[in-house]
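Model the placement of chain B on the given structure of chain A, informed by the hints.
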Amino acid sequence: MIIDPILRGPRGRGGLRRLLPPVLLAVLLVAGWTIAAAALNSSVFPGPGQTVDRLLLNLDATRFQESTADTLLRLSVSWLLVVAVGGAIGFLIGLSRFWTDVFSPVVYAVYSIPKIVLFPLFLVFLGLGEASQIGFAFFSGVIPMVLMTLNATAGTPLAPLKLAASLRMGTWPVVRTVVLPAALPAIATALRLTFGLTFLGLIIAEMFTGVSGLGYELLRNVVLAQMEDIVGGVLLIALIAVAPTTLLRVLEMRVARRFGGGDV
Amino acid sequence: MSRGAMSTGIPRYVRPRPDRVGGLTSTGWSILLVVAGVLTVEAASRLGLISTVDLVPVTVMAGRAAELVTDPAFLTRQLLPTLGLIAAGFAAAAVLGVAVGLLLWRSPWWSDALQPYLNIYYAIPTFAVYPILVVLFGTGPVPILLLATAFSVVVIIANALIGFRSVPVAVDKLARANRLGRRAHLTKILLPAAVPDIAAGLRLGLVYATIAVLATEFILATRGLGHFISQAYHTFHTVDMYAGILLICLVALVLNLGVGAVLSRLDWRQR
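Residue numbers (my numbering), protein chains in the order written: chain A, 1 to 264; chain B, 1001 to 1271.
Bound conformation, chain A alone (with noise of 0.2 Å):
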């Protein structure tokens, strides 16, 4: 009757056991979505094999390989001022706990309002071109890295920082050798989840505006009815996001066991 997982004890297997499931999984998806696509034999929803085709061939051309590259260009551009500037902000608010807390339920209230509605300002303000995308891709991932870097910041525990004090430890040097690496393994969590979130910020806004871009060519191809085209520039978003992603965590898992942290 029971049912238990927990009480089979820790599950012995090496890595490459623990591939498979995974692995599996995806061929039987895929074979699935051959299969449908098969049976189904319609233009509007092509295989796997035709959708990837359709990509090498879109690749080949001069205009998407352009929109790829404006694409990633303005993720790396938002990205990186998400970084420095939410992570600087964030750092800064955190060393202070009566900043920490008048700040916080401010940036928790934006935080919680669906950002795409706040899209028209940008587009107001900095106009329709490249500007309001990178600024709203920025908009997107700034808020929770201010926010999460903030918390890892002001979470750093009450003990280290007593024997700093106790060994008559100057301000800076204590925020160096005690904070920062309090904060870094949260921080780096910090660093993949804003690269997801600013980049869905910037797929919006080319989805809603704009002339090139990956988002743009997938509202294009709407328009067109093109779902070879559609499903093959979804294909290549998540592969651009993955990899990345991917990296990152690596990164996370190193500072963690460097520096210790939670949940890895």
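Calculated directly from the structure, the hints in this document are not laboratory data. We treat Cβ as the ideally placed atom computed from N, Cα and C, and that holds for glycine. Please note that a few of the clues may not be correct.
DEER-style ranges, computed between Cβ atoms [unchecked claim]:
1. B:Leu1049 x A:Val211: 29 to 39 Å
2. A:Leu180 x B:Val1034: 25 to 35 Å
3. A:Ala69 x B:Leu1204: 33 to 43 Å
4. B:Val1169 x A:Val223: 49 to 59 Å
5. A:Leu56 x B:Gly1037: 45 to 55 Å
6. A:Arg97 x B:Ala1099: 39 to 49 Å
7. B:Gly1023 x A:Pro105: 49 to 59 Å
8. B:Arg1046 x A:Val106: 15 to 25 Å
9. A:Pro48 x B:Lys1173: 43 to 53 Å
10. A:Ala243 x B:Thr1235: 35 to 45 Å
11. A:Thr177 x B:Ala1087: 22 to 32 Å
12. A:Leu56 x B:Val1034: 43 to 53 Å
13. A:Val223 x B:Ser1264: 39 to 49 Å
14. A:Gly170 x B:Thr1235: 51 to 61 Å
From the structure, some residues in chain B lie toward chain A, with a derived Cβ separation under 10 Å [as the list claims (entries may be wrong)]:
15. Ile1010
16. Arg1017
17. Ser1026
18. Val1038
19. Leu1039
20. Glu1042
21. Val1129
22. Val1142
One side of the interface only, derived from the structure: several residues of chain A facing chain B at Cβ under 7 Å [as the list claims (entries may be wrong)]:
23. Arg97
24. Ser112
25. Ile113
26. Ile116
27. Leu161
28. Val174
29. Arg176
30. Thr177
31. Ala241
Same frame as chain A, now just chain B:
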């Protein structure tokens, strides 16, 4: 460093947090920040620093928002459909999320198989599939509902799973010793133990469902609050646009606070 610190010799970083800075408590400063922001917008617009084509005074936004809320046509065509879609998408995601969380907890194979995908799910801009759904199902409520459910379900799954896994081994051994049946184990141990985490997941899920509905309406739809704002933007109805944005901010805030209050009542860990 101030003189007080020098005389007592206590470094700044271990001194207790002051109750007041400049005569105001932290709550006072928070309110001051918000009020200053609102007043800046009001003044910039009233004084003509920013043209009324671009920005209108907050009082005008609020007045127009109040008009809209009492306008039956606006209620039935824009506000209610949006709220209905958020509620339906969220409800579907809640049921599905807890069920899948339970399945993953029961089956190590599925949990191994899905875990890597759950981890990277929010790194992928989910809205990219909206065009696919529109081509398949048209511009009605179906693609919006599907996307809202898909966007909010994963955070609910992840949190439910954390909750189910939080049951201490000793409790499970006790249940086993007492020959607790599968059903009793679920209702007496598993669900009560997981309720705080499930509540946290639901709270996030509601935010995600709201974002998904408004964003899809905003990008491509024929009605709804998101569509209303994008339409007002495209037709240069600046007052309507800001009134809509203000309404959404209020709706989001009320939903958040209301559901937050209900869910934190469920959280026995905080009692």
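Each hint, compared with the structure:
1. Between B:Leu1049 and A:Val211 the Cβ separation comes to about 31 Å, which falls inside the hinted range of 29 to 39 Å.
2. Checked against the given bound of 25 to 35 Å, the beta carbons of A:Leu180 and B:Val1034, roughly 31 Å apart, stay inside it.
3. For A:Ala69 and B:Leu1204, the Cβ-Cβ distance of about 34 Å falls inside the hinted range of 33 to 43 Å, so the restraint holds.
4. Separation of B:Val1169 from A:Val223 is about 57 Å and conforms to the stated range, judged on CB atoms against 49 to 59 Å.
5. Taken as a hint, the range 45 to 55 Å holds for the pair A:Leu56 and B:Gly1037, whose Cβ atoms sit roughly 50 Å apart.
6. About 42 Å separates the C-beta atoms of A:Arg97 and B:Ala1099, a value consistent with the hinted range of 39 to 49 Å.
7. Evaluation of the 49 to 59 Å hint for B:Gly1023 and A:Pro105 yields a failure: the beta carbon distance comes to about 20 Å.
8. For B:Arg1046 and A:Val106, the Cβ-Cβ distance of about 24 Å falls inside the hinted range of 15 to 25 Å, so the restraint holds.
9. One distance hint, 43 to 53 Å for the beta-carbon pair A:Pro48 and B:Lys1173, holds here, with the actual separation near 47 Å.
10. Range check, A:Ala243 to B:Thr1235: Cβ separation about 41 Å, and the 35 to 45 Å hint holds.
11. A beta carbon spacing of about 51 Å between A:Thr177 and B:Ala1087 contradicts the range 22 to 32 Å that was offered as a hint.
12. In this structure the supplied range 43 to 53 Å holds for A:Leu56 paired with B:Val1034, their Cβ-Cβ distance being about 52 Å.
13. At about 46 Å, the beta-carbon gap between A:Val223 and B:Ser1264 stays in the expected band of 39 to 49 Å.
14. Take A:Gly170 and B:Thr1235: their Cβ atoms lie about 60 Å apart, and the range 51 to 61 Å holds.
15. Given the 10 Å rule on beta carbons, the hint for B:Ile1010 holds: about 7 Å separates it from the nearest Cβ of chain A.
16. Interface restraint check for B:Arg1017: the shortest CB-CB distance to chain A comes to about 4 Å, inside 10 Å, so the restraint holds.
17. Because the beta carbon of B:Ser1026 sits about 4 Å from the nearest beta carbon in chain A, less than 10 Å, this interface hint is met.
18. The interface hint given for B:Val1038 is broken, as the beta carbon of that residue sits about 12 Å from the closest beta carbon of chain A, more than 10 Å.
19. Checking B:Leu1039 against chain A by beta carbon gives a least distance of about 15 Å; that is not within 10 Å, so the hint is violated.
20. The restraint placing B:Glu1042 at the interface with chain A is violated, with a minimum CB-CB distance near 16 Å, outside the 10 Å limit.
21. Satisfaction of the interface hint for B:Val1129 is found here, the shortest Cβ-Cβ separation to chain A being roughly 6 Å, below the 10 Å cut-off.
22. Here the hint on B:Val1142 is broken, as its CB sits about 15 Å from the closest CB of chain A, past 10 Å.
23. The interface hint given for A:Arg97 is met, as the beta carbon of that residue sits about 4 Å from the closest beta carbon of chain B, less than 7 Å.
24. At a threshold of 7 Å, the smallest CB-CB gap from A:Ser112 to chain B is about 5 Å, leaving the interface hint in force.
25. Interface restraint check for A:Ile113: the shortest CB-CB distance to chain B comes to about 5 Å, inside 7 Å, so the restraint holds.
26. A cut of 7 Å between beta carbons decides the hint on A:Ile116: the least distance to chain B is about 4 Å, and the hint holds.
27. At its closest, the beta carbon of A:Leu161 sits 5 Å from a beta carbon of chain B; the interface hint therefore holds under the 7 Å criterion.
28. Taking 7 Å as the C-beta cut-off, the interface hint given for A:Val174 holds, the closest approach to chain B being about 5 Å.
29. The interface hint given for A:Arg176 is violated, since its Cβ lies 12 Å from the closest Cβ of chain B, which is over the 7 Å cut-off.
30. Interface hint status for A:Thr177: violated, as the beta-carbon distance to the closest one in chain B is roughly 12 Å, over 7 Å.
31. Hint on A:Ala241 holds. Least Cβ distance to chain B is approximately 5 Å, under the 7 Å limit.
Comparing the model with each earlier hint shows violations of hints 7, 11, 18, 19, 20, 22, 29 and 30; every other hint is respected.
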